[in-house]
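From these two lone chains plus the hints, build me the complex, please.
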Amino acid sequence: MTTYREALREGLRDALRRDERVFLMGEDVGAYGGCFGVSLGLLEEFGPDRIRDTPLSESAFVGAGIGAAMAGLRPIVEIMTVNFSLLALDQILNNAASLRHMSGGQLGVPLVIRMTTGAGRQLAAQHSHSLEGWYAHIPGLRIVAPATLADARGMLWPALTDPDPVLLFEHGSLYNLAGEPEADGPVDIDHAAIRRPGTDVTLVTYGGTLGKTLDAAEQLAADGISAEVIDLRTLRPLDDATFIESVRRTHRAVVVDEGWRSGSLSAEISARITEQAFEDLDAPVDRVCSAEVPMPYAKHLEDAALPQPAGIVAAVRKAVNGNG
Amino acid sequence: MTTAVVKQHTDLLRQMLRIRKFEEACAELYSAAEIRGFLHLYVGEEAIAAGVLSDLTAADAVVTTYREHGHALARGIPMEAVLAEMFGRTSGCSRGRGGSMHLFDAKRRFYGGNAIVGGGLPLAVGIALADRMRADLHVTACFFGDGAVAEGEFHECMNLAALWKLPVLFCCENNLYAMGTALARAQAQTDLALRASSYGMPAWAVDGMDVLAVEEATRRAVETIRGGGGPGFLELRTYRFRAHSMYDSDRYRDKAEIARWKERDPIEAMVRRMQLTDDALKALHREVDDEIQRAVAAAAEGPLEPVEDLTRFVYAEKS
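So the protein lines, in turn, are chains P and U.
Note that the first sequence covers residues 1 to 324 in the UniProt record's numbering.
Note that the second sequence covers residues 1 to 319 in the UniProt record's numbering.
One or more hints might be untrue.
Stated by the list, open to error - Below are the SDA-like pairs computed for lysine to any residue, each with C-alpha atoms no more than 20 Å apart in a straight line: (1) U:Lys7 / U:Phe38; (2) U:Lys165 / P:Pro48; (3) U:Lys165 / P:Leu56; (4) U:Lys107 / P:Leu214; (5) U:Lys21 / U:Lys318; (6) U:Lys107 / P:Gly105; (7) U:Lys165 / U:Leu137; (8) P:Lys318 / P:Leu214; (9) U:Lys318 / P:Ser98; (10) U:Lys318 / P:Pro48; (11) U:Lys262 / U:Asp207; (12) U:Lys318 / P:Leu56.
Said to hold, decoys possible - Cβ pair distances, simulated, as ranges: (13) U:Ala106 / P:Asp53: 53 to 63 Å; (14) U:Ala135 / P:Gln219: 55 to 65 Å; (15) P:Glu45 / U:Thr190: 45 to 55 Å; (16) P:Glu245 / U:Ala316: 25 to 35 Å; (17) P:Asn94 / U:Ala58: 23 to 33 Å; (18) P:Thr161 / U:Pro306: 29 to 39 Å; (19) U:Asp191 / P:Pro237: 44 to 54 Å; (20) U:Glu308 / P:Asn94: 48 to 58 Å; (21) U:Asp248 / P:Arg13: 47 to 57 Å; (22) U:Arg312 / P:Asn94: 17 to 27 Å.
Treat the hints as calculated values from the structure; they're not laboratory data.
Virtual Cβ for every residue (Gly too), placed ideally from N, Cα, C.
Here chain U stands alone, though its shape is the one from the complex (with noise of 0.2 Å):
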């Protein structure tokens, strides 16, 4: 393997396993009342966040859903600016405004941090659109799970993205549940890259637990949108770990499903494939542990945001 195939193997782990331990690091900062309000965990799908954001450029777009932890952190937005997010301070993402559901970062063209099932998709056709008639093709990647394909939104939006040839692509991480709600319980048709297709796009199912399998695929879809084809469509086949949010008691799966699903850890299978030693995975989870732990008392020590601004950005603020 050259340096650089090296290097790349090395940042998706690592980026893995930020997001993995800050999940973990969540679970217990709710557990403990630190954190508040829904708190839906990304354990399992990290493979998805790391793989497909390690293809953006800093011009690309992201919009995505109320499970965004690992997407955020993927796409660059500081751990402790997250998590004071989710501490409700200032010093988060969104100054406490949007908490964990709604995860903001216009600079980084991160676009939220949606809660409403499919309504971010309208946002990225938009934004897409922008480009598009400024002649730019960047690339906004919209995030959504398998519930999303159910609502009318997806449908117009599919529609209008192919029609327009708008340079889309869409991440449907389908970890098979609904809320509680599995997709063939709830789904005429469980194949969504073929759904997609009929819309006349390039549409791709893909092992999202596999995150040199996703990193791929999502290089050439970007450069079917880049070359200006129009939308692309990942279907990222994935499961979560944990339950819908800390709120879910998880009676609707079966443990052994679970646990075979848990024999196909992303984390995992990537240390195997790199054959990494034990000194070096120790080094990996050091480095991410010690990022957490900054991360945590930055957030627990940011400022709130004081009383007196509640009001403010309802509306623009004269300059």
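If we strip away everything but chain P, and leave its shape as in the complex, we get (with noise of 0.2 Å):
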């Protein structure tokens, strides 16, 4: 048994020992041992150069990453949520994300970021966002978020082998989800994952609405409905060809996502399937996603603001027999 904590602790364990290259840095990282636990122990076994804790200065010690990566290292930066990788915005968008671009080839930034992302916890508002769409709207980066131990263990090193920077994504309501993985060693990072194949309707989520999709997947099939549920896995770039093939055989799409729905990924996926799939809908493509409010404090308001198993039925049955 494992926990999506140990397996992210595991995955850091194995970088920092194949690669001499690699350190982690960030907030509480090192003494605290993150502050999830994720990185707790690494202190102790790599020393305080290699696990880096760094003052409460996100731009700054992105920034550093960023141009650690330029000089040949490979940084591991954390940043404890998502909603504070704003402050170090600029950063990633203007230089991570530029830099390449910007020299005309010459100069790469091989980075990861790690950060926590979602709601789920009674966190409110600036704690609790889906924002890692926002972060795949931008060319330049990878964007990769594990949903499952086996992603959790096998993503870092795959990411960390990349030549550009990659944004992972771990959503904060499974860090304590536990069980035994399927692999214990890097993964793909290239295609999204058919969890749960089905031949009555394609739905694709990622991160963490992927377990709540599964959720729903069962109880449709309670009642007969045979759902497929598609993990992304990486949010950028899209392996769309893996949800097109599936909704060509489907023929209906119901997408899942934490993010606000206004100019999300959820719209992004949507379109593609129109563009792509048109002519094999038998529905319109529907979505599920958070109610469009800072995320509120009262566990029944987060709940209610949340996607859920029963919103993710009814979409699926609004699309099997057209109507909710």
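Following this line, the structure appears as structure tokens:
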């Protein structure tokens, strides 16, 4: 048995052992052990040079990671939550994503930035948002989101060996997820995965909503509706071939995304389905997203704001039966 | 004076003259619409690029801003590669994707060319961190203007560089104006060296119109940094003789103030100090004029990057 948290730690330990150019830096990653406990024990094992506590200076330490990557190291930078990453957005967008192009191909930024995303822990509006879709808008970045234990363990190494900046989004509600991972090493970060095969509808999701989507698929199976569940895993570049191929078989699609609906990743996926598979559709593409509010604290309100299995089930029924 | 000193002085003067005449040529080419985009000229500030960069080795690194033609030339990027970049040609040092504000040369450890005020400071900290973690004490020279001192990133980076004792030479080109806003209108404490020293790093205020003073201060700072003492800070007090950019009508500066600073022209001061003969000075001018002429011809003839290559260099190319 392992947890998502331990799987991430194993991925870090493995990378630090494999390549001496790799180091981890961020707020509380060392002495504290990571604010979600991911890097617990690594300071003792690898020392303060490679497990490097930083001041609360997101822009400076993310930018320093970019500079160190340009100068030949392989930094892993941890930002506590995606909300805080906005303090480093200038460095991520104007430098990490742009330097290779602006320099005519001379300067790559082989950097990994890890951060927590998502809601579900009653942390209110400044610790709960799902903004990975914003980052997926930016050319020059690769965006990955591990939803399973095997991906939590195995995405870091391929991300580090990518010559371009990779942002790795860990959903905060998954850290205690426990089980037996199907694999124990580096995983494919180029392709989406079919987590549950089905024939009547394609459910496209990633990260923190994978579990809820699989729960919904179970409930639907009891009603005789066979849902295929696709885990995107990589949000940029999108592996649209996998979900388009699935929609061509099932003729229906529902996108489940914890981001807000307006201008979201779900909008992009829906657009690609209509652009590429319109003739194959038997129903409009539907989306289950977060309510368009800053995330509230109170549990009943937070639950109501987030995609839930019941909402997914309702959307699928509507797509399949033409009613809610 | 020894031959070595005469040579050093001549080199510094030649470098300043290259930068000055290059900038004047750029202004003309801009008016002739050969160069477009934003163009920020360095006229008046040449002593800084010439003085600071003469004390760096090839293993040291440079990070700079959008007013960086002088730094690029003094770092040794060929003039024709710099000019071809502004012409948007394949032969440009960023293959036409950067332009005037984003000159790069990885081979020469010249890391741009950053158009976000203060945006280069974290990169310099990171490059120095990489050098430090490999136990190399190469210096990273980081140029920025007085405007950047108001950015949060400035303070974050002073703290981080001093905390981790990183080999960064912070070179603040204080030309008294952040675009059109005078230092005193934007900053509560206008003594910038004092602000840097509050982070526990040695900081010097230097006459940025005197190339020998700049060179000497840099040498002293670089010695400290290479000795493992952590970062150093130079506040280089200077003035830009021209407007912020070619779009700027320069209504915010007093004509008398500009005239006063022009009397302190760093090139004229150096010529006077060296007691150059007219012939020697003419020969130097001719040498630089020839170089500029060759660069303009080469840049104008350089091929354009093919449009089919538009989406290259967003991600690494699979080899």
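ask   = Looking at the structure, which of the earlier hints fail to hold?
value = Violated hints (numbers, rising): 1, 4, 5, 10, 12, 13, 20; every other hint is consistent with the structure.
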